[in-house]
Amino acid sequence: MINTLDQIFVLLKHWIVGLLPGSLGAFVGILLSVAAIVAVFPGLFALTTVLERKGLGRMQNRIGPNRTGPYGILQPVADGIKSLTKEDIVPVSADAAVHFLAPLVLVVVVFMGFSVLPMGRNMQLVDMDAGLLFFFAIGASTELSIFMAGWSSRNKYSLLGAMRAVAQMISYEVPLLMSSVAVVMITGSLSLVKIVEAQNQYTWGLPHWYIFTPWGCAAFVMFAIAATAETNRSPFDLPEGESELVAGYFTEYSGFKFALFFLGEYLGMFSMSGLGTTLFLGGWSAPLAVLNSVPSWIWFFSKVMLSICVLIWLRGTLPRLRQDQLMNFAWKFVLPMTLLNLFVAALWRFMGDGLLRWIVCSAILLGAYVVVGRTEMRRKQYGPRSYRYAE
Amino acid sequence: MLGEGILKGLAETAKNFAGSFVDKERLTTVEYPEQKLELPEASRNFPFLVYDGPEWQAGLRCVACQICEKECPPKCIYIEKSKDKKPDFVGKLQIYPAKFDIDISVCMSCQICVEVCPFDAIKMDKEYELSTDDRFGGLLLDRQQLAKSNEYYHKIHPTEASEVDGRLAEEKAKAEAKAKAAAAAPPKPAAPAPAAAATPASAAPKAAPAAGSTKTEVPPPAPPKEGEAR
Amino acid sequence: MTIVFWILAALTVAGGLAAVTLRNTVHCALAVTAAFAGLALLFLQLDAQFAGFAQILVYIGAVAILVVFAILLTRGSETAEHGVFSRTWLAGLVIAAAVFAVLGWAVLRSADTLSPEAAAPAVAVKDIGNALVTRYVLPLEIVALLLTAAMVGAVIVAMHEKGDTK
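Quick mapping for you: the protein sequence lines, in order, are chains A, B and C.
Going by our numbering, the letters in the first sequence line up with residues 3 to 393, in that order.
Going by our numbering, the letters in the second sequence line up with residues 33 to 262, in that order.
Going by our numbering, the letters in the third sequence line up with residues 43 to 208, in that order.
Next comes chain A alone, as it looks inside the complex (with noise of 0.2 Å):
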């Protein structure tokens, strides 16, 4: 029954395919995952803008939305609706196919990530031998699809946003890419399916998630952080800050295209989080040895959905960086630790079970972070702002 209930929709697939013939079978099989896919996100991205608008809301002490329906609950709805009737307007100028082609680009690669991550036990869309490099290459090409955005619209506001997005995203897919090979190298493989197995083992009751290592939790961050850069989100948002560019990259777009860039960002911010969880949170499995019997992919959510929350809650609480300062903390900061932290899990890996390696790993990460910490505090960039004529 329990196990029934996990595999609910592997089986249910299963006895759809099982009802057609052959070939076409196969081809309804990966058709019906798609549109699994297409559907599920969408509807949650639907969800969590509800959820930020009232999170964020309460956060400044306000209400949030609450006139459509019950708690506000179809804003989603009605924002759709106004997003579906509003009218498309392309610039006179802006370059039409570019201009057309962009957010479609955008969120094809978007939903392209989706397809190798381990939804819960045996869901996943492909099994993929290099899934985790499949996963950054798609990431890698959005930021063309916001370059063409910004570039086709023929407007500064836009160009700005575009070079600022593509400025950003390519100095933080640096340290993204070196805090997830840490968990390759442990794992010893790049298959996201094998990454959640290795996770997927208990000892007295407790997970083997990576970021319950010390290598594993210093890495965690370093992914969190170059996560919310690269999908754009506050404190990160440069891109699209709407105090000095209006709305960065999708100024000029309006109406079911603005949606498409809005869903787009959501989208990523998903599997982001699902990356994220699938390489330091165990992926679909239980946080405790006595909740195996919950659906693993309960559990993928859930987690997914407590990392979007906590990015709400950055979201709220920081204000927006500098672009110097953006690009300072990615190449002085972030990028040298994760690479101390490739060396601290080659340590791990090498220095064989004990407590040893748990107080060496942990004595280098923390030694580093407090150093790197104090020096760079000391500086101007990082530490409190001093003012030349306000005092």
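Treat the hints as calculated values from the structure; they're not laboratory data.
Values in this document were obtained by computation on a predicted structure and should not be read as measured data.
Treat the hints with care, since some could be wrong.
[Claimed, not checked] Examples of chain B residues toward chain A, derived with CB under 8 Å:
| id | residue |
| --- | --- |
| 1 | GLY41 |
| 2 | LEU42 |
| 3 | THR45 |
| 4 | SER52 |
Beta carbons are placed, not taken as given, at the ideal position from N, Cα and C, and that holds for glycine.
The hints should help you fit chains B and C onto chain A, whose structure is shown.
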């Protein structure tokens, strides 16, 4: 320590988040259509015309003197005088506005019309739910829409309204006393009966402008003082 | 399978052709990207996962962005007023034909030596990794050193000299 500030900030927002569910004091939002804030007494936006008694057409204090129309800086008031006369609150025959329009899309809420009005006939309203789907006709208020009772005036600006009422009562009393004096005076200079019958009738219109002129001289300095005091 | 191949081949060739014939330089860059994508998909179709993903990651994720940045930061983003063909197109055509002939010749010759029924070797990413850090470790390190040197050089070129007013 690097990152300490972020943790502090996160704690602060978490406190706000949780607190907003527990502590009603934190949520200062007033949910407008259902809840409304009590406006301060001195608040104002657009002018309205005061009338006494139950009947708005009979009770309008306005005598169509057109001072407000001339003083209005954005020229949003349009008045047409009536051809006939009817008695005002004192009981004297007065011209009344056959047409009194205010375009509140032009009005800038300066209150100058109120300050120049010698008859306390125009006052500032507090009504702010004025949205309409017709931006030309809907925002051009005619005299029926502008006419509001003295009770309403008492409700929105109680102190000011009672002051005005006191002043008007005083004036009315004065006018009545004068009329009485005028009525008592004619018998003394002995005159033929037809002439005596004619004088009160001719004296009354004469007395009315006199009362009006004294009023125009006296009240204008008074309202600004009231305004300062308030 | 062949249908997929033809679609991908058409996409790649169309991208490449568009890249050399379009007037707007940014359009050319985007067309090149489409060609890169087609190439990557061709690799994937041949089951060469690592090559395919590396193609996407490096060419679409980095090279295309670099090209686009270079176009925008220089003054090349303006549309060419005259034709896009240079005057020496004949020489270019001859050289391209020659290169194509050499490549074709090499491909045809290697096809002779391979028996057609030999199964394609299943190469996992892990095998490539193993090969890179065991048998080919020296070339890998040399390439890494070269790239690091190039990067240091680029940083030095880009740096402001001391005393140089900004």
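Hint-by-hint comparison with the structure:
no.	hint	result
1	GLY41	holds (4 Å)
2	LEU42	holds (5 Å)
3	THR45	holds (4 Å)
4	SER52	holds (5 Å)
In summary, this structure violates none of the numbered hints.
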